[in-house]
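Please model the complete structure; the sequences and the hints are all you need to start from.
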Amino acid sequence: MPEGSEPLLEVHDLVVRYGAATALDGVDLAVGRAEMVALVGPNGAGKTTLLDTVSGLVAPAAGRIELRGRLAQVPEGRRLFPEMTVEDNLRLGAWRVRDRRVGPVYELFPHLVELRRRKAGSLSCGEQQMVAVGRALMGQPDLLAVDELSLGLAPQIVDTLAEHLQDLNRRSGMAILLVEQNARLALDICSRAYVIEAGRIALSGPSEQLRSSPEVQAAYLGGAYEE
Amino acid sequence: MIGPRAPSRRALVVAVLAAATLALPPVLPPEWQSLYVFIGLYAIVTCGLSLLMGFAGQVSLGQAAFYAIGAYAAAIPAVHGAPPALGLLTGPVVAAAIAAAIGVPLLRLRGHYLAFGTLAFQLIVLTFIAEAGDLTGGDIGLRGIPPLGLGSLQAVTPVQYAYVTWLAVTAVFLVTRNVVRSRPGRALRALATSESAAAAAGVPVAAYKVEVFALSAGYAGLAGAIYAFFLSYIAPGSFPILLSIQFLVMAAVGGLGAVWGSLVGAAVVTLVVQLLQEIGSLPAMPTQVPAVLSYAVYALVLIVVMLLLPSGIVPALTARAARRRRDDVAPTEATAGDDARASRLSSVL
Amino acid sequence: MTLFLQYLAAGIASGSTFALVATGFVVIYRVTGVINFAQGVFAVLGGFLAYSLLHAGVAHGLAEGVAVLITAAIGLVVGLVALGRRGTPPLASLIVTLGLAIFSYAVVITVWGDLPISYDGLSGLLAIGGVSMQRQYVLIVGAAVVTFLALALFFGRTYLGMALTACSSDQRAARLMGIDVWRMGLLAFAVGGALGGLAGVLLTPLQPVQFDSDVGIAVNGFAAAIFGGLVRPVTAFAGGLVLGVAEAMVAGYYRSSYETAIALAVMLALMLWQASRRGPTEE
Amino acid sequence: MITSLTGAYSALGTNDKLGALQAEDEINKAGGINGRKIDLTILDDQTKPDQAVTSYNKLVGDGVVAVIGSSYSGSSLAVIPVVDRDKIPYVSTAAADDQVTPVHAYVFMTPPTAATVGDRLLQYMKAKGLTKVAVLYNSANAFAELGWKSMKANAAKYGVDFIDQETNDFSTTNYTPQLTHVKASGAQALMVWDTGPGPVTVTKQFKDQGLGIPLIMSHAEASTLYAKPAGAAAENVIVATSLGVVGPYLPSANAASKVTAAMTKTFQTANKYYPPQFAFDGYNALELIADAIKRTGATASQIQQGLESSTLTTPEGTYRYSKTDHYGLGLADVVIARIKNGNFVPTAFSAALLKEGK
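Protein chains in written order, with this note's numbering: chain F, 4 to 230; chain Z, 9 to 357; chain R, 10 to 292; chain E, 40 to 397.
Treat the hints as calculated values from the structure; they're not laboratory data. Hints may contain errors.
[Said to hold, decoys possible] Pair by pair, the computed Cβ-Cβ distance ranges are: (1) Z:325 x E:337: 43 to 53 Å; (2) R:61 x E:291: 51 to 61 Å; (3) R:166 x F:154: 31 to 41 Å; (4) F:24 x Z:208: 16 to 26 Å.
[As the list claims (entries may be wrong)] In silico negatives: residues of chain R with every beta carbon more than 10 Å from chain E: (5) 10; (6) 93; (7) 120; (8) 148; (9) 151; (10) 192; (11) 195; (12) 284.
Yeah, the Cβ is synthetic: ideal placement off N, Cα and C, and Gly gets one too.
Next comes the structure, spelled out in structure tokens:
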């Protein structure tokens, strides 16, 4: 993490339990302003739980979360309101803020303009992911958490969306927390990453460093990493 | 340490319970004897409903319809001279057969649709009973049902019916335990959790659903048959929609999916109602006090139990006991599973 | 033909009453996932409150309006108890609403006694050609149509309505937007209470109510509501009309003793037909 | 006493209870029966047949000598088999004729039978020249169905022809189709057999539809439970009642007028309203039992013998139970009343009969 600046999000020693099962066990994590951070790990490692806890959907059993700004989440599986139009979906994203103008999102994703009256449920997965990102942006977040950006999408679409995110981060200084099973993608576009396994942070550090770590290569990158 | 000893302790508990059950009827005061019969009958119906809701994830708001069908199927032949004991067979069999027949189309409906379907079914059954006067005695009711018996052996007193009833309770619980532990039983649990997952795993979902529906109807039919002989009078008014709702309440209060839950639910609800009635009919109670008291207190008990123990009494108790044991024994997967099941079940309704 | 139209009119009239009761079920279920067994209670309380206000000399219209406002507040209280602590499962909530319905019996008996009440609404008939309808029923049909239009506009066009729809569509996503699903649930209960109260103040002149009339009222309303899967107001309206018209036709051309049974069977058959066409009906 | 203190019939049962308590109080204040006081235990049947049996078992277990039954006929019919078994005198306040036809040795009833009421109504129709009559009955209601059946069986004797027969079920709320039929049939009057909210709804819709023929109700509607919610629409409706309901209009020559005046005065002082039919039933049931005990003794079989030889004048008329007659009241105890300003007033037809003591 860059020295000096106070991080946007700090998570200290977080513990989350579902009944008898422990989902998160002493997790520490931080995201600085204007930073792009990846959270990588296998299915069921606790990635989504961590996001939900930070978003306030799940109550922690122990630990501390400090969020110095607004957070918006793009949930796994998009979770649009399928029977509502694209535009209504976007507008609902602005529930917390007063400004419900959808213009900025259309500027970012011009393709959505022609879809604005369509029911969200009738869109393709890629289009839905655009709406989901757009809906989160309507909440004017300082930190955008994206849960499984690439899930179920064609590679070209993932690339386009990833470029959009990088663009957002560069231009507006919006911090992004990218939660991914696709470690290759995540390490490519983020500067720093955490690896979570069975509810604990197993590794963390700059993407470069993790990319060359033998464990990561074996577990997440399918052997030797090629540039 | 506790593991190996647990089964024998459990057997001991069951044996003590069984002995108490057997010893109780003759020493109970008279009004408690018929109450004892009703608790048993309600436990049988509730057990079927629990099985249906807890293990097959299906809801019935019309379980009293099968209770009624069982009662009429047992009573009508007996009134016409058939040996009354035969009714203990015709009651459950006819109820189960009708459930199987209507289950095939009806169980295509799910969740609330099925709840409505069963409710509508009960209203239709009640109309049929009221209109088929020649067969059923119509709304006036069917009277002169002979006492249960084989040859010279007749059950007449509440004590005798208490034994008949609790024998039936035991049989029903044993059947239920076996069903729950059998391979189909595990498949059923899968059904309640996720129907599509169960189907994907090769469980014949539709057939199992109909079977559980028929089994639960059979239980209700058996209880209905005993009810008919015990009261020797049945009428559509004996099987209102409110009775179906009462069964649902018993299942929810006791806890879904638990054999013991149905017993506890039936006993708690019946006893609370009875206690309130006793208090309400104390001398010197002003006119409207009995009604106000019984409605208000019954409602408050219901609300408080469901808010504090949303998964029912028995699952809450087992969870607590398991938590206490957790220090001694390894993880309690079962409990976590039960909690998860209870919350999943709640999404059924 | 006139006879047929007469039965049709009668069916639309009673169907509208079922539909009006159904709206409350729909609004509450749509947002909270709770089938509110106390829905009939709002109608009963609405009737009793309007009765008391009318007897206290409050003018017609105002009395009913105030009664509806009070039932909205009662709806809020019912919601507070029924939704309980956050995360109370819907089955528990359902049993709690049942408990609240029974509790209302104690309240009604304490305040108003156990005798049935009624008051005068619009009297006389509206006749067009050979077909007539009681004026009070005309009022109910009108109220039902207005209510359904208003609900459709509210849920479809207003921001608040869309937020409520979002809660019913995907609670998790709604919460991620920052929508307080629990508060929205309370709001839904208040609206449901008002709609139930509205049904009650309009129905009481036609059929007397007593403390336990809620069951009959709720069963018909539930039947109408379920037709639209408890979430679609317009199909619930259709459900009410199917039920009402089927009953009137059975009573008109066959025997009224079978009207409820046959009407319910018709609804079941339609639902099964829908289920077989669309595959298993979604929950 | 078993009665419905909760459930659908609580309004009836509560008044049964008040009536019986008043009788207990009067008898005990007057020194009891042969010096012994009456101890009345009242249990709820929740308007449910099975609860009635549970409550009955408790009473018998407590050693009661006689039981007063529920105004819910389902409860009464459920209890009768056990009454037969235990041989405990049982005086029912329910109106279903089937309780006493055929005669059960230990079962008696206080309300007038539907057959008696039906005959009286037919007399009235004949006297008024109403020969073509329509009927609307609730086929999901035991009382209504029995009442209608016995009336239909006797109609020919009085030259009354039921030219249109309409039914309704437990949940009918819109009677337009039935009333349309009645209108088209050309009937001179509409007779209704039902209980509960149905008759109120019929009355209101009947008025709105402007049928312009007399509306006639059975004795189930002879109380404020019907007259109050029906309100202005009930004006001029014809209702069959017992003597007690028209108590204030009884000519002093009538045997029941004095006891009725005394009973209703006490009741009104205590409860602030005129006693409904059900209060008379509860009151009479205990009076009949007390009278039997006084004459023949206090064991179950003595009470049964006493009841079978009763001749007791009560606010509902004079009961004359016998070995073959366990309902006791006769045609002279049924009044055809008209509702005026919410009150039940004897029709001219009945006023004349009351004067003659018939």
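Each hint, compared with the structure:
{"no.": "1", "hint": "Z:325 x E:337: 43 to 53 Å", "verdict": "holds, 51 Å"}
{"no.": "2", "hint": "R:61 x E:291: 51 to 61 Å", "verdict": "violated, 40 Å"}
{"no.": "3", "hint": "R:166 x F:154: 31 to 41 Å", "verdict": "holds, 33 Å"}
{"no.": "4", "hint": "F:24 x Z:208: 16 to 26 Å", "verdict": "holds, 24 Å"}
{"no.": "5", "hint": "10", "verdict": "holds, 14 Å"}
{"no.": "6", "hint": "93", "verdict": "holds, 27 Å"}
{"no.": "7", "hint": "120", "verdict": "holds, 15 Å"}
{"no.": "8", "hint": "148", "verdict": "holds, 13 Å"}
{"no.": "9", "hint": "151", "verdict": "holds, 17 Å"}
{"no.": "10", "hint": "192", "verdict": "holds, 36 Å"}
{"no.": "11", "hint": "195", "verdict": "holds, 32 Å"}
{"no.": "12", "hint": "284", "verdict": "holds, 25 Å"}
In the structure shown, a violation is registered for the earlier hint numbered 2 alone.
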